[in-house]
Each structure stands twice: as C-alpha cells, then as structure tokens.
Amino acid sequence: MGAVFGVYLKYVGLSVVSGALAYSQITFPASGSPQVPLLAAGLLYVSLLNAVVAGMFKARRGMALIGKDRRTGQIPLWSYVVYSGFIVPTYCYTVLHTWLGKSKGVPVATEIRKGWWLGGRGGRELGKRWAGTVDLTVEFPEPCADQSLYYLSLPCWDGVPPTAEQLEEAAEFCAQHHPNGDIMIHCAHGRGRSTCTMCAAFVRAGFYDDWKGAFEAIKIERPVVRLNKAMKRALEDWTTKFQNAKR
1 MGAVFGVYLK
11 YVGLSVVSGA
21 LAYSQITFPA
31 SGSPQVPLLA
41 AGLLYVSLLN
51 AVVAGMFKAR
61 RGMALIGKDR
71 RTGQIPLWSY
81 VVYSGFIVPT
91 YCYTVLHTWL
101 GKSKGVPVAT
111 EIRKGWWLGG
121 RGGRELGKRW
131 AGTVDLTVEF
141 PEPCADQSLY
151 YLSLPCWDGV
161 PPTAEQLEEA
171 AEFCAQHHPN
181 GDIMIHCAHG
191 RGRSTCTMCA
201 AFVRAGFYDD
211 WKGAFEAIKI
221 ERPVVRLNKA
231 MKRALEDWTT
241 KFQNAKR
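Sequence positions in the sequence shown follow our numbering and run 1 to 247.
Treat the hints with caution; some may be incorrect.
What the hints assert, rightly or not - Per label pair, the in silico range of CB-to-CB distance: (1) G206 with V82: 36 to 46 Å; (2) L100 with P37: 19 to 29 Å; (3) E216 with P37: 55 to 65 Å; (4) P223 with K128: 40 to 50 Å.
Stated by the list, open to error - Here are the simulated lysine-lysine pairs, DSS-like style, with alpha carbons at most 25 Å apart: (5) K212 with K229; (6) K102 with K128; (7) K102 with K114; (8) K212 with K114; (9) K232 with K219; (10) K58 with K232; (11) K229 with K58; (12) K219 with K104; (13) K241 with K212; (14) K219 with K102; (15) K128 with K114.
Source of the hints: derived by calculation from the structure; they are not laboratory data.
Beta carbons: idealized from backbone N, C-alpha and C, even for Gly.
I would like the entire structure built from these sequences, with the hints used as guidance.
What follows is the structure, encoded as structure tokens:
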C-alpha cells in the first residue's frame with residue numbers, strides 16, 4: 001500500500017481485522033478470563049473508529065477531528081486518548097515506512113531547488129532553521145515548529161490534496177517567506193500532499209509555467225513523489241481559479 005494511492009484502504013483493513021478479532025473474542029471467549037469483555041470492547045472501538053476515519057478519507061471531510069492546533073501544530077492530550085486506535089497504528093506505519101525508505105536511499109527530505117525542501121515529518125533530523133514551514137498533516141504534531149520562523153498548517157488526510165484555495169494560500173506563504181531563508185513543505189512521507197503543494201508554489205514563484213512542469217522537475221530530484229487523480233484535479237482547479245485568472 002503506497003502513501004498516495006488508496007491510503008484509506010489501510011484503515012478499512014485495520015477496521016476489518018479489529019472487528020474480526022472482537023467478534024472472535026465475543027463468540028469464543030477464553031474460559032474464565034475477566035479481560036475478555038474489555039478486550040472485545042477495545043477492539044470494537046478500534047474497528048468503528050477506523051471505519052469512520054476511512055469514510056472521512058474518502059469523503060475528504062473531518063480534517064479537524066483530531067483537534068490539531070493550526071497555530072502551533074500541536075495535538076492535544078485528549079486526542080491521543082480518544083483517537084489512540086487511529087493515531088498509534090498510523091504512527092507505527094509511518095515509522096516503518098520512513099525506515100524502509102531510508103534503507104532504500106530515500107532521505108527524509110530533499111532540497112528540490114536552492115532553499116526549497118520537500119519531505120516527510122522527519123525533517124527535524126536535518127537540524128535546519130526554516131524561514132517557513134508548510135505542514136500538510138492531520139495526524140501528527142509539527143516537529144519543526146520551534147525551528148521555523150513562520151508556520152502554516154493546512155491539515156489534509158493522507159492521500160487527500162489541499163483545496164485550490166489552500167494551494168493558493170500555501171503558494172503565497174512560500175513566496176512571501178522564501179526570501180528570508182529555506183522553506184520546508186512536508187506531509188507524513190514526502191510523497192503526495194507535499195508534492196502537490198510544492199507544484200503550486202513553484203508555479204507561483206515563476207519557476208515553471210504549469211504544475212506539470214513543476215512536478216517533472218520535483219520528480220527528478222525526489223523520484224518517490226507521486227500525484228494521485230485527486231491531487232491532479234486539485235492542481236487543475238487551482239490553475240483555473242488562480243493562475244488563469246491572473247493572466
């Protein structure tokens with residue numbers, strides 16, 4: 001399962017497996033075990049939670065569900081408790097995905113052009129100071145907040161692109177702050193959401209005439225990047241609403 005295509009299926013799978021385990025606990029309980037009802041209830045909760053999350057991925061709704069503070073990029077403690085059945089497996093998957101990427105030579109972030117970085121949430125490992133950071137994640141707290149002069153949170157589910165309006169906001173943010181230093185645009189893995197956003201930022205900065213040219217240039221420097229159909233539609237929508245209108 002990739003980090004761009006069919007991401008919601010991870011959560012469908014987790015929901016099905018958790019539900020099946022809960023059913024087995026209820027139907028075939030361990031004899032005399034007082035923990036069975038509690039375990040079954042926990043598994044049912046994980047199953048229902050991830051079914052809801054998968055539905056919101058598909059509907060492109062509910063990005064505020066986790067309660068992430070768009071000013072600081074932090075996630076409140078209550079959210080870790082209430083949504084642990086979603087956050088914990090997502091964190092484990094991302095750690096594994098990042099580790100596998102590193103083992104194949106994929107860095108946590110790549111400098112696509114001078115001062116323009118694209119990557120995953122592990123960008124803090126670079127130890128850099130950022131003039132501006134654009135964070136596309138819903139599911140993680142911002143690791144580079146204390147390393148950034150300015151921070152923009154545009155929460156999108158994994159595999160779900162920013163809207164045309166959000167792409168414009170990000171492009172303007174980058175154009176405003178890049179003269180003061182390096183820009184980091186990141187999602188969880190540095191594959192899809194961040195790439196979609198950087199395409200718009202590069203066109204706005206005047207580096208390329210259209211998002212397709214920007215994408216090809218990004219892919220040369222970071223070959224793992226991908227755009228799904230929804231991301232391409234979002235960029236076309238942004239082009240129509242904001243780029244073509246200015247010509």
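_Agreement of K102 and K114 with the hint, judged by alpha carbon distance not exceeding 25 Å_ = holds (22 Å)
_Given the hinted pair K212 and K229, is their Cα-Cα distance within 25 Å?_
holds (13 Å)
*Compare the distance between the alpha carbons of K219 and K102 with 25 Å, and conclude whether the hinted pair is satisfied.*
At roughly 17 Å apart (the allowed maximum being 25 Å), K102 and K219 satisfy the hint.
*Holds or violated: are the alpha carbons of K128 and K114 at most 25 Å from each other?*
holds (14 Å)
*25 Å limit on alpha-carbon distance, applied to hinted pair K58 and K232*: Measuring from Cα to Cα gives roughly 16 Å; hence the hint holds.
*Pairwise beta carbon distance, G206 to V82, judged against the given window 36 to 46 Å*: holds (45 Å)
*asked:* Run the distance test for K232 versus K219: straight-line Cα separation, threshold 25 Å.
replied: Since the Cα atoms of K232 and K219 sit roughly 15 Å apart, the hinted pair holds (cutoff 25 Å).
_Between the alpha carbons of K229 and K58, is the straight-line distance 25 Å or under?_
holds (13 Å)
*Are K241 and K212 close enough, with their CA atoms no more than 25 Å apart?*
holds (17 Å)
*Starting from the range 55 to 65 Å, see whether the pair E216 and P37 falls in it by beta-carbon distance.*
Taking Cβ atoms as reference, E216 and P37 lie about 56 Å apart, which means the hint holds.
*With respect to the beta-carbon atoms only, verify the hint that L100 and P37 lie 19 to 29 Å apart.*
The hinted range 19 to 29 Å is violated for L100 and P37, with Cβ atoms some 38 Å apart.
*Is the Cα-Cα distance between K212 and K114 25 Å or less?*
Holds, at roughly 20 Å.
Hint compliance for this structure: hints 2 and 4 are not met, and every other hint is.
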